[in-house]
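Undergrad: Chain C is fixed; fit chain L onto it per the hints.
Chains as they are written, first to last, in numbering that gives the first Met the number 0: chain C, 0 to 221; chain L, 0 to 79.
What the hints contain is simulated information worked out from the structure, not anything from laboratory work.
A couple of the hints might just be wrong.
Derived, one-sided and incomplete: chain C residues facing chain L with beta-carbon distance under 8 Å [to be verified]:
1) Gly158
2) Leu209
3) Phe210
With a straight-line Cα cutoff of 25 Å, these simulated SDA-like cross-link-like pairs (lysine to any residue) come out [claimed, not checked]:
4) C/Lys189 - L/Pro49
5) L/Lys78 - C/Ile77
6) L/Lys75 - C/Lys1
7) L/Lys78 - C/Lys189
8) C/Lys189 - L/Ile51
9) L/Lys78 - L/Leu13
10) L/Lys78 - C/Phe210
11) L/Lys78 - C/Leu209
12) C/Lys1 - L/Ser15
13) L/Lys75 - C/Leu145
14) L/Lys75 - C/Lys189
15) C/Lys1 - L/Cys19
Note that this is a predicted model, so its numbers are computed, not measured.
Yeah, the Cβ is synthetic: ideal placement off N, Cα and C, and Gly gets one too.
The chain contents come next:
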Amino acid sequence: MKRFVVGLGALAFAALLIGALLEPLMANTPGGVDLRVAVAAHMTASGVDHPVTAVLLNFRGYDTLLEIAVLLLALIVILAIGIDPECDRPRAANPVLQAMARLAAPLMVVVAVYLLWAGAFRPGGAFQAGAVLAAAAVLLHLTGLLPSWQLPGLKLRWGLTAGFLIFLAVAAALIPQGALLQYPPAQAGKLILLIEAGLTVSLGLILAGLFLFLSRDPGDDA
Amino acid sequence: MSLVFDLLLAAALLWSGGRCLSVDRLDRAIVLFIAFGLLMALAWARLAAPDIGLAEAAIGAGLTGALLLDAYGVVKRRKA
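So here's chain C without its partners, still in its complex pose:
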């Protein structure tokens, strides 16, 4: 009986959430908005041809700026909690697996660059490209080809923060335009590509770092 009541309550709450999600999409209801029209009307000024990239990097660039800042903060917190300084040995892996990983890793880098480039006109973009880069690093680590990371050196620190710094620098340089992250339409495409390239490298390193800094295991003696 209790289970039934709880299940019914959960179902009602889920229905309420779905309703709340759908409500602003109804353009004909009062208070409803249809942002697709607004995005489509300004696509020419965005510098890219794919609406999702236009929203993420241009119209709502501030959100993306904060997103990369949050990810960077998460990694800094992991580093601040402290990682064990002792080095762990690379795990012994199957040679066939290692050969596969050696073949796959360069391909994954190519895919990442393609995704970054394709983001301007079709689904893709910095986040996906960064995730593929990070996955390549994780794959290399799991097959024992890449040791887990020590405290980051200067190069790694620059790499981790480059995306955020480039984004911040562009935002600061554009402040005289009057609004935060308002790109001049003529240069918007180039600026977005610059920011996305920085974001790809940094996101790849940050996401890989979440794994490679954490995966050291001091109890790994057996």
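TA: What follows is chain L alone, placed relative to chain C:
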């Protein structure tokens, strides 16, 4: 045909999500979570949002799954 696929996908999503929460072994729950993420990526693709599908497959299923498996390994070694 595509309706059948969509219904199957929705059923598989609900099933894997429910099993993931209710299964009593941690390793099975993690594998179910990864399967759930991949099905979710398919669902996003079916909803004409391939951007979210890509991100879900790479981050939700791939990286999170790898992190969970790694954490599971540590937990198991600590217990032993």
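Undergrad: Which numbered hints turn out to be false for this structure?
TA: 1, 6, 7, 9 and 14
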